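The listed protein sequences correspond, in order, to chains A, B and C.
Going by the numbering used here, the first residue of the first sequence is number 127, and it counts up by one from there.
Going by the numbering used here, the first residue of the second sequence is number 37, and it counts up by one from there.
Going by the numbering used here, the first residue of the third sequence is number 3, and it counts up by one from there.
One should not assume that every hint holds.
Below, a sample of chain C positions facing chain B; criterion: calculated Cβ distance under 7 Å [unchecked claim]:
id, residue
1, Q15
2, I17
3, M22
4, S24
5, N83
6, Q98
7, R99
8, Q102
9, R118
10, E120
11, Q121
Computed cross-link-like contacts, BS3-like style, restricted to lysine-lysine with a CA-CA straight-line distance of at most 25 Å [stated by the list, open to error]:
id, chain 1, residue 1, chain 2, residue 2
12, C, K158, A, K154
13, C, K135, B, K433
14, A, K337, B, K396
15, A, K337, C, K135
16, A, K337, B, K433
17, C, K202, C, K242
18, A, K154, C, K450
19, B, K433, B, K458
20, C, K23, C, K155
21, C, K155, A, K154
22, A, K133, B, K42
23, C, K565, C, K450
It should be emphasised that the hints constitute simulated quantities derived from the structure, not laboratory data.
These figures come from a predicted structure and were not determined experimentally.
All C-beta atoms in this analysis are idealised placements derived from N, C-alpha and C, irrespective of residue type, glycine included.
This is what each chain is made of:
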Amino acid sequence: MDLSRAKTILIIVFLALNSILVHQLYLKQKGNNDYTALMEAEIQEVRELLNSQMIYLNEEIPIETPELPFLNAERILSNSLEIRSNMLVNDEDIVISIDPGEGISYRWINNDAMQAKAYNIENGAADFVKQYLYKGKNYTLHQERLQNNTGQIVYLQQFNGYPIFGLSATANVENNRVVNWQQNIVAVITAEDTARPILAAATALRSLPSKLEERPATIERIWLGYYNRSMESDSWLVPPVWGITLANGEQFYINAFTGELEGLQEQN
Amino acid sequence: MIEHIKNIILLCLVVVSVILSSMLWYSTPDYAPLLDVINIDQPEEKAGYYQLEDIVKPRAIKLYAEDGQAKIAYPGSTVFIDTMDWLRTISISNIELYKDLSAASLPAASEQLEAAGEANRLANDNELNINQLNIAQQQGRITEQDAIQQVSGQYANLLASEGHLSKEHSIEHSIELEFLSGVPIEYINMMIAIENDDLYILKDKLVERVRIFADEETDKVQCLFIGNDEIFSGNVNVTKRRFVELVEDASGQELTQEKLIIEYTKQPIRVAELSNSVFADPTAIRQIQEKDQSVIYTDGSRGLRINALRQTIEFTNPTISSRFQEVNFPEMIDDAIDFLNRHQSWAGEYILSKIEVESKANNEYTLIFQQHMQGLPIVNVNSFNSAEIRMKMKNNKVTRMNRSTTYLGEQTITASITPLLKEDMQAIIDRRTGISGKPYDLFLAYYPLSLDIEYIKLRPAWILSQNNSFVAAFDAQTGQEIRE
Amino acid sequence: MVVYLLMILFAMQLIGLYFMKSLEDYHMQNNTENIHSQANVLADLLERYFIETQEQERDLDTLVRDFSKQMRADIQVIDVNGIVISDSNHPEFVGQRNVQVEVTRALLGAKGEAIRTEQETGFRIKIFATPIKVHNEVVGVVYIASSLEPIYKTLKEVNTLISTATIIVLAISSVLVIIMARTITSPLVDVTKKATEMAKGNFDQQVIVHSDDEIGELGLAFNQLTYRLKGALEDNQKEKQRLEAILNNMSDGVIATDSDGKILLINPTAQKMIGISEEKAMIKNILDILEIEELKRHWFELKERVAFQTIIEHNASLYQVVVSPLKDTDTIAYGILIIMHDITEREQLEQQRKEFVANVSHELRTPLTTIRSYVEALVEGADEDPEIRHRFTGVIQTETERMIRLVTDLLELSQLDAHNTLWNFQRMDINEIIEEVFDRFQVQLENKELVGNLSLAEGKVYVLADRDRIDQVLNNLLSNAVKYTSEGTVTVESQVIWESNKRLVEVRIIDTGMGIPPKDVSRIFERFYRVDKARSRDMGGTGLGLSISKQIIRAHKGDISVKSVVNKGTTVYFSLPVHEEAHHD
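Isolated chain A, as found in the complex:
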């Protein structure tokens, strides 16, 4: 018996065994948290349920159920100086007005300035917020509602890759140029320490028929994000939600922890 060769073979064999064991251990530790079979049955059931209620899906129901924490939002009260210094583009011709209830609105001081300097979204709609918005780097492009190069672009503040519905900025666009833009309340967002598993999108969608009145309806898009609702306090909790956009533009937000309807989109 060639001991050297035997050893090599044994090393390989035990390596394989160890990897199998580690894999099994990993599966075990993960526990039975992913009930994929249950999930598939669930999605099927929900789809049938929605179809029977004449609600159709243009997008596949997402199957991921990550663990998400609550977000803490703290109101930032800033004056226009702070805002200006925080924006990448600090142009004197931009007029910034702060309304504690409404938010921050930006516009050009006069038409000439606007014509000269207004941002052309052909340069990239997503980049607009980074330059022209207070704490714009936290914002991402959410929706473009343009017809003939005129309309609105909605941006949402985002955290960790998830959009926060309710903390938005809207840019009014005419002929591809941003004429004025608004930003509702700005908040500092931090995440809580503990993350909890969220309801699957399928489960959340179950409650939709009771909340939706129009039939037939078509679901265009299902997002996972957070929902911010202005509270009177200085800091408040922001729960994760499943955001559902219908074909007719309506948006629902269903709390991803409890399955309750957080609200319909109030604007737009």
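Assemble chains B and C onto chain A, guided by the hints.
Showing chains B and C alone in chain A's frame:
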């Protein structure tokens, strides 16, 4: 050299595999902990569970028997209950406008008054001076509206006050339902069935009193809906004979006149259990300390704000659909009751005392529930505001609740008194200035007197209110004004 | 053997893993299915409780309790708000709120399932929540919490079983494996050990063959190998020894060198011939020790040449040298073989023979010449004169007599050489013979006025001898003594002496004659050797006398020797073994 390394590697691998196997075999994954059931109990002896019928009641039912004397039955008494039960069995139809108390008909009213020959008496008794009013109006000291209001209110009062009715309507054998405030017709519909078509007529009208009486002339039983501006009449589907019988029966029963003075311990609400109850996911509640030292419990959408200083609880639930729903009072009140039931927010008996309209277009209403004790409402005063629960409804769903952080806890009855009669109370009030000349409402209620931090005493008192706002309270036994 | 053990360990782990997993899966699956089906049944049954009024509550509790007993799990019925309406094992929970995520899911209409850990006890509980639906609307939730601890307990027991089994199997297997392995390794170790011994030269090892398999065959083969090898080595050894013996005992010298001339082998004879020891020779080159001309000249062509012979002289000896190249397969010469044959004696003998023939020829030719000349004279007329005739024929007769004497001596010598003489050995007294011969020479002594002495040993001294021959010897010696002594004495003595434990009788003939020069002393016994040639012939000697005497004495197993001083005298000794009386011929 290589052999040596191989040996070491092999040894490590073997040892690791044995360790892994034993781990696999013997260890179990950590699972999330099982959450205990959470307590949502409020003080048990006080928590109640109410149905719609329990809440939707008039403040008092007055029965006029043959002798013309009024008997007041308060909620809780058998007469009251029986009468309410009977009321649920009847239905009203053919509603039409009976009297318009607005400006156009004012002269008619005063004419009627004069014609009734009651003018002087009224003037003497109630310090009414229409002429004065007219003069005042002409002099421009009071607006026309005010005049109208005063007169119409007075008229209403006249009509309503005991013993002063135009002869057009005999008050014999009538049942009158008194409400704490003007209520929409749908509300009344919850107690007495009204034909759907007729409901429409009374839509958006507020009714202060409902009187069911046997019309002497027509021998029919009729119903009057008495509001601030208008009076509507309707037919009741019950025979006169039956009605009279009922009234006689009811009024024949004894009504105790004695009222108790009761002392209570102030029982604080269990905030934790309440929050466990109101939030959809109690494990996700966070506490936020506010600048004004109130604590907010929130789960991101709903919020429960506890203000220890003012001893108030405010619950907000902004997740109500903003889609406009048709106003549906039964549904609305049901939802409010259901909410309060669920969260064990009752501590005692309550009546829905007021429905405030915030915005009809947006279907925003405020329901006010008043705590009752022995049939008498407990008034809300600064030192003790727990008698009231205010529920703001939007689109027929609870969107806000305001109440006190304290209940009435254990009770010790200290004494019982016989309250003054209404007429006597009125006489005392009349002698005061500043009250006359305006319509007022006088009713018996319990007045909370705060003895100290822990105890509260409820005394029966006559409450004077004008335009649905509290003016003064008078001790029911002595007639003295209660000042705090 | 460790390899086998590791293989077993691997196998057991794999087996254990899959077995445990299957068992666990089976149990959990079973449990889950059970819970699912029971929950569904319960949910269906409970539908009507939610449609009807609260009076059913007591029945609800009973139902729940029954189900719970059957399933051995906690069952809760929960309403739309998450409040517990009925609990099978904890009635105190009624009215409280159940906040598990699964209940939330169920309230939304989905089924929820999970495993949780109970906080106080640490038990693992499987919870399952399924909605109770009335007309597709969720009115409540059935919540089941079933402890998994019995399953885990069972699994743990099985686990322990398998672990113990593994350990036992490993232990037994390792023992067995070690034992089994020995059957392979111990014979191999044995063979290895014996092979090592063999390499060291010990060929008496034998491997014990236990089994019939390859190992056994290895053992057998090994033994055969040992045997053959031993034989071969012995043969080799014998051959070598033989060769060595031959080489060592050869009378010829053998020198082997390598192709450069460096001496590889030199046998003792060669060493003696050359006069060099082995150690010294081994470091030298052949050309240094032997002068072989051809080698010197043709060294480089040696490879082409075949063997050649030559004669060299070395250290005053003559050797015939055969030089042959040692060729490997007829092509490459890898050395030279030199064989030295000592031909000194042969040459000497050759020389002697030549001398002898020359002498004999000369001795014979002289008388013959004389005879011829006298005969010629006679023939020519000398025979007319009777006196010349008488004188001449007298000379012819003398010469002829001389020649006959010479030839007779030669013949006798030849016979003695060839050992063809017929001896007549008899026991006799030597003194008697001596006296007899002595008496015979008295006249001669008187003639030459020499004094003759006789000193014999006392008594009779018996020897085993041929009387005639001894007589001849004494005669010869005395004759010589008288011949070469002009004056003085001639003494004959006999004495018994001891030499080398033997009794010998020594006979001495002592004269006071002219003596023999030292250089001739050792040679006088040679044939035809004359000290003074002229004188001997004149005296009528053949020159063979002493040679014959020496041969005769030698044949009597005795010795003869001479001592002489010039002009003083000569003593000739000879000794004969005394014939003991105990021996009878």
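Hint-by-hint comparison with the structure:
Taken as an interface hint, Q15(C) checks out: its beta carbon lies about 5 Å from the nearest beta carbon of chain B, inside 7 Å. Interface hint at I17(C): violated, since its Cβ lies 11 Å from the closest Cβ of chain B, which is beyond the 7 Å cut-off. With its C-beta approaching chain B no nearer than about 6 Å, M22(C) sits inside the 7 Å limit, and its interface hint holds. Given hint, S24(C) at the interface with chain B, is violated; its Cβ is 13 Å from that chain's nearest Cβ, farther than 7 Å.
For N83(C), the shortest C-beta to C-beta distance to chain B is roughly 5 Å, which falls under 7 Å, so the interface hint holds. The interface hint given for Q98(C) is met, as the beta carbon of that residue sits about 4 Å from the closest beta carbon of chain B, less than 7 Å. The criterion of a C-beta within 7 Å of any C-beta in chain B is met by R99(C), whose closest approach is roughly 5 Å, and the hint holds. Hint status for Q102(C): holds, given a least beta-carbon distance of 6 Å to chain B, under 7 Å.
Given hint, R118(C) at the interface with chain B, holds; its Cβ is 4 Å from that chain's nearest Cβ, closer than 7 Å. Look at E120(C): its Cβ gets to within about 5 Å of chain B, closer than 7 Å, so that hint holds up. This hint holds: Q121(C) has a C-beta 5 Å from the nearest C-beta of chain B, less than the 7 Å allowed. Taken as a hint, the K158(C) and K154(A) pair is honoured in the structure, with Cα atoms around 16 Å apart against an allowance of 25 Å.
Straight-line distance between C-alpha atoms of K135(C) and K433(B) comes to about 23 Å, which keeps the hinted pair within the 25 Å bound. Proposed proximity of K337(A) and K396(B) is supported: the alpha carbons are some 22 Å apart, at most 25 Å. Straight-line distance between C-alpha atoms of K337(A) and K135(C) comes to about 18 Å, which keeps the hinted pair within the 25 Å bound. About 13 Å separates the Cα atoms of K337(A) and K433(B), which keeps this hinted pair within 25 Å; it holds.
Between K202(C) and K242(C), the direct Cα distance comes to roughly 20 Å. Compliance with the 25 Å bound is thereby established for this hinted pair. For the suggested pair K154(A) and K450(C), the alpha carbons sit about 150 Å apart, so the restraint of at most 25 Å is broken. At most 25 Å may separate the alpha-carbon atoms for a hinted pair to count; K433(B) and K458(B) exceed this at roughly 39 Å. At most 25 Å may separate the alpha-carbon atoms for a hinted pair to count; K23(C) and K155(C) meet this at roughly 15 Å.
In summary, the hint linking K155(C) to K154(A) is supported, as the alpha carbons are separated by about 17 Å, within the 25 Å threshold. With a C-alpha separation of about 7 Å, the suggested pair K133(A) and K42(B) falls inside the 25 Å cut-off, and the hint holds. For the suggested pair K565(C) and K450(C), the alpha carbons sit about 23 Å apart, so the restraint of at most 25 Å is met.
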